[in-house]
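Fit chain B to the supplied structure of chain A, relying on the hints for placement.
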Amino acid sequence: MRMRGLSGYQMGLTIGICKVSWLRSTKTAGIVCAFLFSLIVHGDQRISKEPVTITFVDPEWSKDLTERTLIADNRLKDFTQQTGIAVKHLPTPETTLDQLDLVRKLLRQESTSPDVNGVDVIWPGVLSEELMDLKPYLATELSAINADMVASYTVKGKLVAVPYHSDIGVLFYRKDLLRRYGYRAPPRTWGELEQMAVRIQEGERARGQKDFWGFTWPGAAGEGLTCNALEWQIAEGGGRIIEADGTISVNNPDAIRSWQRAAHWIGWISPRSVTSLQEWDAVNDFYHPGRSAFYRGWAKSYLLSVRDNPSIRDRIGMTNVPAGKNAQAATLGGFGLGISRSSRHTTEALQLIRFLVHQEIKLEEARSDHDSQNGPDFYDPTAILRTKRNSADNGRQPLSRVVARPSTVAGERYEEVSRAYIQAVRSVLLGQSRAPEAAASLEQELVRITGFKPGPPSRNRVSKETSLGTVSRPQPAAGSTDASAHQDFK
Amino acid sequence: MTGSLNTTGLGEWLRQVTTRPLLHRLKIGRHLALCFALLILMMVICDGVLLWQLRQVRSQVELLKGVDGELIEVLRVHGDLFSFYERLGIAARSENQDQLITVSEALRADVLEEAKRTEAVFRHLPSQVKVDQTVFPTIEAIEDTLPSHLDAIRALATSGEWAAVRDRTDKQVQRLEFISSQLVKDVARAVEEQRTQAAFNIALVEHRIVFTAIVTGFVTLFTAAFFGWATALRIIELRLEARAQREQSEAALRQAQADLTRANRLSSMGELTASLAHEVNQPIAAAITDANTCLRWLSRDQPDLEEARAAASRIVQDGVRAGEIVKRVRLLFKEDTLQRESVDVNEIIQEMRLLLHSEATQFGVFIRTELAAGLPQVMGDRVQLQQVLMNLMMNSIDAMKDVDGMRELIIQSQSGENCQVLISVSDTGVGLPPQQADKIFNAFFTTKPHGTGMGMGLRISRSIVESHGGRLWAADNPPCGARFCFTLPTSGEKRDSVVSADRAEPGGRHANKPVG
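Here the protein sequences line up with chains A and B, keeping their order. Sequential numbering from 8 applies to the first sequence in this note's numbering. Sequential numbering from 178 applies to the second sequence in this note's numbering.
Okay, chain A solo, but in the shape it has when bound (with noise of 0.2 Å):
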């Protein structure tokens, strides 16, 4: 009995013990299990963030393995180590409709769509509704811009993009073959290119190069022969294709005429090949084989060249593209940088396009810096269109008259405008249809796809264009002072 009583007693002593220490114990024993519920869910996480990675479509990029595309890609690399965001190009394809094709097809699959874009000058219209309004964005850039060029990428009040690089069409010429032949400059009009191609291209076939032919120009089916054929009869006072009010003025002599002296060139001082040249091709064909002694091509590609290759400077000028009875007319180029509307990084392609614009800004100023100090050494005619250049314009060669094609006006559907002017151009060039019958349907064409009305060309309206770009002369290095060169441009 006694023993029992103890043991029970011990028992109830037991019991009352844990049950004070249950009470504390279940606190504890919540927090121990929230903790340790807490180690099983961590852990979830991935390794490390991943930084943000934005796609790029620079249509600058890619074209070959030239040092251009190094110039591109260190860029980004300052961009990539100052914000910490990737950036990743896409190649582009060559020709400007291809990249158009492709940037609308990425555009519209919204998971690939890219997210900042080259938009080149002539499709803010057509891509205005994949793109999102960079306006509200980038006003401290754009003051620094030039206005025009900001109204060519604003599309129904909506900047569809923001001018990048700029190009305006020019006229390369060999030196050497120029100096060989005694001519002291450039040509200023076509009748004095056709007549100093005919020269030198007698001459050089006389020294024994068989295939060498005074002029080329990229003649296939690309934006590249529509930029040619306009600056020939805007030359020739044949009208911008479509006016700016609207009027197609396509079909009149004067452009019958331009695009008639054009087809004359081929066989005569140009390669019948010239209209399977891409401008690729062409610009390839003129740098590195000289087989001809002038070519029409672009400011920037020249500047990019000689940059990359600065024994083209001696052999290679450029200057204005000739001037016809009317005028004298280079095509704008050149494209903006626009940023997807389905695009899932805006800020930081926002970023990126700040950081390029101003690296552009920043080597602008430097150069004309420099230029204002030592005399223009490389003047670039693509700059201007971007900072006000108030100062070394003396002993400057006139400036060049820059046109834009009639982007704008045909809005969304510049795209076919242009592919039924240069499939026109085209079948005159090819002798496949005589220029008057070309200009009439082209007229037909331009009206069923754009419902304007046709009309005279405004012959006026060239000389109000803006006179913007002009050409430079490249300088010898210093000691090395070429004063037939020099002369050129006195």
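No false leads were mixed into what you were given.
Here are a few chain B residues that sit away from chain A, every Cβ distance over 12 Å (derived from the structure):
#	residue
1	Glu-263
2	Ser-426
3	Ala-435
4	Ala-468
5	Thr-470
6	Ile-587
Quick list of in silico lysine-lysine cross-link-like pairs, DSS-like style, CA-CA up to 30 Å:
#	chain 1	residue 1	chain 2	residue 2
7	A	Lys-84	A	Lys-307
8	A	Lys-307	A	Lys-332
9	A	Lys-112	B	Lys-293
10	B	Lys-242	A	Lys-95
11	A	Lys-84	B	Lys-362
12	B	Lys-616	B	Lys-578
13	A	Lys-112	A	Lys-163
14	A	Lys-165	A	Lys-369
15	B	Lys-293	B	Lys-242
16	A	Lys-165	A	Lys-112
17	A	Lys-95	A	Lys-165
18	B	Lys-348	B	Lys-362
19	A	Lys-307	A	Lys-142
20	A	Lys-84	B	Lys-348
21	A	Lys-217	B	Lys-348
22	A	Lys-307	A	Lys-369
23	B	Lys-362	A	Lys-112
24	A	Lys-369	A	Lys-142
25	A	Lys-332	A	Lys-460
26	A	Lys-84	A	Lys-95
27	A	Lys-84	A	Lys-369
28	A	Lys-163	A	Lys-460
29	A	Lys-142	A	Lys-84
30	B	Lys-242	A	Lys-112
31	A	Lys-307	B	Lys-348
32	A	Lys-95	A	Lys-112
33	A	Lys-95	A	Lys-142
34	B	Lys-293	B	Lys-348
35	A	Lys-165	A	Lys-142
36	A	Lys-112	A	Lys-84
37	A	Lys-307	A	Lys-165
38	A	Lys-95	B	Lys-348
39	A	Lys-95	B	Lys-293
40	B	Lys-362	A	Lys-95
Note that these hints are calculated values from the structure, not bench results. Ideal Cβ placement from N, Cα and C applies to all residues, glycine included.
Positioned in the frame of chain A, the structure of chain B alone reads:
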């Protein structure tokens, strides 16, 4: 919001659960119930985590599959591009316009097919595969660019510009190949990263499963152990309570029994009072007679001292006899204190015979004893055993009161089986009530006229005998009367031999027959 709802719901549930009678008795309080809920929660969590981890592994496997698909596709595109470049290069070097056109037609068809295939592959990649967002556009750009290259090359070939064709093939198409090989590198790196990530994730899953299993196992084990321990403690507590209660009630029962026994004894003694008075009176009367004789002898002129002494010593004997009777009676009246001692059964039988002598004589009953000599001593309470004998003998005398013919009470003692002592009390009375032989030991069963018996005598006698480890039973005593037998274990016998005594009962009975 839902959290507070849940907790109030849980609280309600707990309250309901803990107020159920069984759980209430087990004192499963809120904490223990919470403990139980925690157990279930842990199991659910463990299962959930394991399922989740299995899903992770599956998704990682699918990821790896998709990633491989991506790499294979990119490699395929690169390989195709390489062969494109090769074929185009051969055709370009041949400077054969027809061959180049044929090749370019074939290549164009190939490219278009490839483009479709690539798109299909990329569209069907598992969603968790992190495809570098440049991969598909790059491939698309390459595949879109190739046809226009073919167009350009064809145009150049048609116009005989073979140098330009070669230039284009070597620089432009090669450029694409360069881009695609860059792409292969990038994708391979990305795939490697994803593989590493997947491997890391799978390792993480492994760790998590092991960790979860161990932690949940331990927590469950500890919670269950605590739960079990607390419940077991509570059950032990309940058992102890029940035992204490039982002991208490048993003690009360014992007390009641003892009281009853004593009451029975007292009532028996009450019934005996007249005969006891007579019994006591006898020696006193004898003593008085002897005293007178003694006086007479002493008061003679010549006192006969011899006779007087003899008379005086008879007085002393009478006094002693009277004193013994009184002592015995007093013993029977004494309060119970269980005192086990070695008792000689024959002695008790003789004492009770003496005690009940006058009662028996009153009703003309002759008491005869047949006692076996040399019986072993019995461990027991003398008074209680006397009470048993008194009950049985009183019953027998009662049963013979109204019987004509021989009235004989025979008390026998003998050695029984298993070192037991068998005592039997036989009478020639009315005998046992027919068909009620088994009921006579029940409490409050009596055959006596109303008011004369409590119906407790046999019940008490049986409980006394059983408390001594013996058995008490009744049998007929042919030709008439009843016979009550009881066994008592001797001091040499263990008390646990009750069972064997039971088994020996019929034999014992049989053995008794010749004696009866």
